[in-house]
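Residue numbers (this note's numbering), protein chains in the order written: chain Z, 1 to 239; chain R, 240 to 478; chain F, 479 to 726; chain C, 727 to 974; chain E, 975 to 1231.
Treat the hints as calculated values from the structure; they're not laboratory data.
Just so you know, not all the hints are guaranteed correct.
Mimicking BS3-like on lysine-lysine, the simulated pairs with C-alpha atoms at most 30 Å apart in a straight line are [to be verified]:
(1) F/Lys580 with R/Lys302
(2) C/Lys828 with Z/Lys63
(3) E/Lys1092 with E/Lys1073
(4) F/Lys685 with C/Lys933
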Amino acid sequence: MSGQEAAGQGVLGRLDELGASLSAYRGEMLQSIAETGVMLGNSLLAAVLLGLPMGTWMYLSRKNGPQPRTGVYALLNGYVNVVRSVPFLLFVVALIPFTRWMLGTSFGTTAASVPLAFVAVALYARWVEQTLLDVPRQTVELADSLGASTLQLVTRFLYPEARSGLVLSLTTVTISMVSYSTIMGVVGGGGVGDFAIRYGYQTYEYEVMYATILIMIVVVMAIQGLGTWTSRRIDRRLR
Amino acid sequence: MSGQEAAGQGVLGRLDELGASLSAYRGEMLQSIAETGVMLGNSLLAAVLLGLPMGTWMYLSRKNGPQPRTGVYALLNGYVNVVRSVPFLLFVVALIPFTRWMLGTSFGTTAASVPLAFVAVALYARWVEQTLLDVPRQTVELADSLGASTLQLVTRFLYPEARSGLVLSLTTVTISMVSYSTIMGVVGGGGVGDFAIRYGYQTYEYEVMYATILIMIVVVMAIQGLGTWTSRRIDRRLR
Amino acid sequence: MIELQQVTKSYRSRGTGRRGGEVHALRGIDLTIRDEEMFGVVGESGSGKSSLLRLINHLEAPTSGRVLVDGVDLARLSPRARRAQRRRIGMVFQQFNLLANKTAFDNVALPLRLQRRRERERVMQMLDFVNMADRAHQHPSLLSGGEKQRVAIARALVTDPGILLCDEPTSALDDHHTEEVMDILGQVRRELRTTIVLVSHELDVVKASCDRAAVLERGRLTAVTDVVAPPPREAYSSYAERAQRYLA
Amino acid sequence: MIELQQVTKSYRSRGTGRRGGEVHALRGIDLTIRDEEMFGVVGESGSGKSSLLRLINHLEAPTSGRVLVDGVDLARLSPRARRAQRRRIGMVFQQFNLLANKTAFDNVALPLRLQRRRERERVMQMLDFVNMADRAHQHPSLLSGGEKQRVAIARALVTDPGILLCDEPTSALDDHHTEEVMDILGQVRRELRTTIVLVSHELDVVKASCDRAAVLERGRLTAVTDVVAPPPREAYSSYAERAQRYLA
Amino acid sequence: ASDAGGSAGEAGETGEDTTIRVASHMTPMTDVVEVAADVAAEDGWTVELVQVNDNVQYNRLLADGEVDANFAQHEPYMEAFNAEHDAELQALAPIYDAKVGFYSRDYDDVAEVPDGAKVAIPNDASNEGRALAILDEHGLISLADGVGFEGRIADVEENPHDLEWVQVDLLNLSSAYEEDDVALVYNYPTYIARVGLTPEDAVLLEETVDQRFAIQLVSRAEDAESEKIQALERAMTSDEVRDFLVEEHSETLLPSF
Ligand SMILES: Nc1ncnc2c1ncn2[C@@H]1O[C@H](COP(=O)(O)OP(=O)(O)OP(=O)(O)O)[C@@H](O)[C@H]1O
Ligand SMILES: Nc1ncnc2c1ncn2[C@@H]1O[C@H](COP(=O)(O)OP(=O)(O)OP(=O)(O)O)[C@@H](O)[C@H]1O
Ligand SMILES: [Mg+2]
Ligand SMILES: [Mg+2]
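With these hints in hand, go ahead and build the complete structure from the sequences.
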């Protein structure tokens, strides 16, 4: 057997191996994708249900906002800054008692969503605040002149005008959450990132690791693409 | 001895303990702060030296930019997206051969700065692109009408007008880097985050952990405060 | 009827410490605007025109003195009652202030929605009044300046307010569009009998359509004049023709 | 001398697919602007005024036809030579386009810096010319509209260009500031013998200061008229006084 | 085969390089290295501790010649690394062993554990295999033939009690112990001590204590005989280290030398 043939076989062999190892892990990989989906879904739900009102409240209560309340603002702003600065791993561990109190368990994919949700809420709240600040002052003034209540100001004026920015920042938060969720294996959350680390990195199955990373890159780009597309579609500000 | 006295002693005892354990770790804590400083310093240097030109180039070469070049843009944009989506731990590991080739070693604080630098460059490049997009079109038009070269457009028009945004986004990148650097213990990078994880998570020295987290929160708030203050100071756009 | 009694308005200056201090935007203004009149407010930039207007619907509170609208002092109302009162005062802004993400129709429908009213008919009627019925489903970005301002006027009128406040409603417009908008305001006054307060620095505009006008100078009311209407303009078939005749 | 020979300019419309297509901003324009004259360009919104102006310093390239400045066709120059040529043509924008983070002085010094020239004297001289020497070290945010535009004019003139292009230099200004700016432009023309092309939709402004004017209508040149200057305005001590006299 | 490693070794022999770099992961391993460092210092060696916060990097560093030895793993784990990376790492001396086992808050005997109960095992490959092997040994599950200590959950062939797996980080297992419906929790003595337990309290202990899983001092095979590594080995197996282990960790660790 010549050296060339051996090399050729080597390459084929490696490809076969790659295929084999990937198909061997197909089930688990699909499961880990589902887990990431659950974690993202839950934390984004929290971002929308809690982060959006929280960011809106920050916008309203800040110093030059429509309804300045220094105390409220300091509190919310503090929350956002603290969640942003504590090392995420420690944050996850510190939350274990809380998660257990809330869900009855502190391990597994659902439980892993709790710390992710805290972070998603904080990040999205900050983005919402910033996005609303970009709405022209005149829009607030218009709402005032039409006798709108605070609730109406928010739902009828600010959100419709800021909607494309709100979608775009939710996209950014989603992508950050993909990256945060990588750590959630620590409390049994699973997910794609954890899969890549455990099945690829720790057991030296590099094909699995690279395949998984590729999937993540594709997923992130798809999320970004979808977000950008949606936000353009609903933006009528300039054509 | 009455129960009350015992309790009193208990509290005092714990305080003493806290003080003792903190002072016992003082040296290591200071060292870990220094390590974080080194990692931040290096990666921010990279962000400024490489991320700034890279983001500028993205701004210039994008579809409706002053000098559209689809290929260049796709390349730079791809880099940013990929670095953003690969789980950071795996990214660090994948870079080890490169780091060794570059620095002769792949562990320790300096080596840990390499993956951080890659991320910092990518994040800052994206921010720079976005910030420059906020400079009014008319400024570019003015530069054109005055016969400015591309270099002059960038240095005499875009940067001066965008400077407060550039500072603010460097601040945001810095804070992200604090959080990324937490992971660098993996390759022996040390740092405050790793310190907190080792002593808090791995050896249950909760006082040390909380003290460290407190330090991190303070540091992050200080960075944010400094960044916001500076960016306001150099912003003459509205008074 | 709108009455300003000894009204003063000062702002804390936006400057930093060194240049900080009070800006006296309005000083001791006494003024009565009658029902159903078109009342002009003219003055240089910074003379206090916008401040005066914004006091009327209480977007700003007076520093001292009282502002009465139909005998009611908005400063003394509860926030809720004040909102209700504001809904009876329409406002047209210099920069139109249309919501970019809503169609012309939805922009006009907005004040009704705030009162939980859904009156398609009424909205279309107003759009028809300002001659914009056929553009009802376009977003503002596709409309010209004059068209935008007409939509903004329809929006201000849709709740049938007794008073219409206009802050430089034409200064973002060219001559052509200015005429368009002023024609509509004239029509509002004739047909809907709305009291109109018109702030403008363009004397031509005020002269052409107001009954009376207040002249402000650095926060003080220097005069309230009865306006003498100018001779009607010649009718031209196009801007180009008019330009040519005017310049030569 | 500026010559436009059979110049056409069309844009791809910004709309999405459905509404896409060509917009013909200028169609077959032939025009000669003489040295040292003040030349007006008037027309409705969208008639192509700005496009015409931007062709002269080649901020836009013509779709067909030729634009010659002093006999040179900018379309045929290398980017480098074109930049050099552009530096000989000053431009004043409607929205001033001052750099917000630079002082008045630095804004005016900017064109010199681009040519690696550091001439404090020259800069102060220009600021003096527009009567802004005492505000040299203030940032634009502290200046009024008229003051900003004066700084912008100083900046356009500091390199001593043979041609000054002005795109609606007064439409962001009130009457008072408009006069201020137009006075300066008149002075530029008299003292520096600069060729000035003035785009405006305000007929008064063009009538008061131009020698000749082109009238555009939907991209076509409908006429080039010799402008007859109006009788000089009465001088008033203040805007308030003038307003009062004019309205009554 | 590493050049860097070779030159480091030679430097040691010529007496110029007296620094020994030892990679380690976390306590108590790092503490052991520090105790040994003091011992080696008496003979003029400087032991430099390289802390990495990860379970793969200490082997990478060693294989790449960036450190001289490491102390963080047991032999099977090292062999798995050798097999996958064509590395030639060699275990030099077992230093201590830990009695791993399963703990339960709610049950005193495995027999009481109901079918369908949750079992918490670590989520890193090496400990996962070890945990499953214990369950296999006690007949709670059976693993596919030949997987030995390297089984993954996917290798569980029979699971008669329908056990449900909960995989968490090694360091969170003691937290899982406090969980309401988790019946069995794998753990190391060091970590279970956090909830006040010792191996005495375990409901299942590893039976085949053949020192396979003793934590080993490891170096590159070609350096095993070098003066530097010999000195390190001496220090690591010194009385001082033994005393340290006995005094500080007698409840949880057994010296293996
Ligand atoms: N919110 C505010 N804070 C501080 N000063 C203000 C504020 N609003 C207005 N001013 C100041 O009050 C004075 C009057 O302002 P106002 O806007 O009423 O003038 P105006 O006649 O409408 O001018 P313009 O024609 O430029 O709109 C000005 O000096 C202005 O700078
Ligand atoms: N970059 C562009 N892309 C597409 N269409 C354009 C562009 N610039 C101008 N147009 C179109 O070309 C036509 C002429 O525009 P131009 O700006 O020259 O008009 P104008 O006379 O200056 O109008 P205005 O008084 O509103 O400034 C308009 O229909 C305009 O929509
Ligand atoms: Mg005003
Ligand atoms: Mg124009």
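Here is what the structure says about each hint:
For a cut-off of 30 Å, the pair hint linking F/Lys580 to R/Lys302 stands: about 28 Å separates their Cα positions. At roughly 28 Å between alpha-carbon atoms, C/Lys828 and Z/Lys63 fall within 30 Å of each other, so this suggested pair holds. Annotation: proposed proximity of E/Lys1092 to E/Lys1073 holds, straight-line Cα distance about 22 Å (limit 30 Å). Between F/Lys685 and C/Lys933 the CA atoms are separated by roughly 21 Å; this keeps the pair inside 30 Å, and the hint holds.
Hint compliance for this structure: every hint is met.
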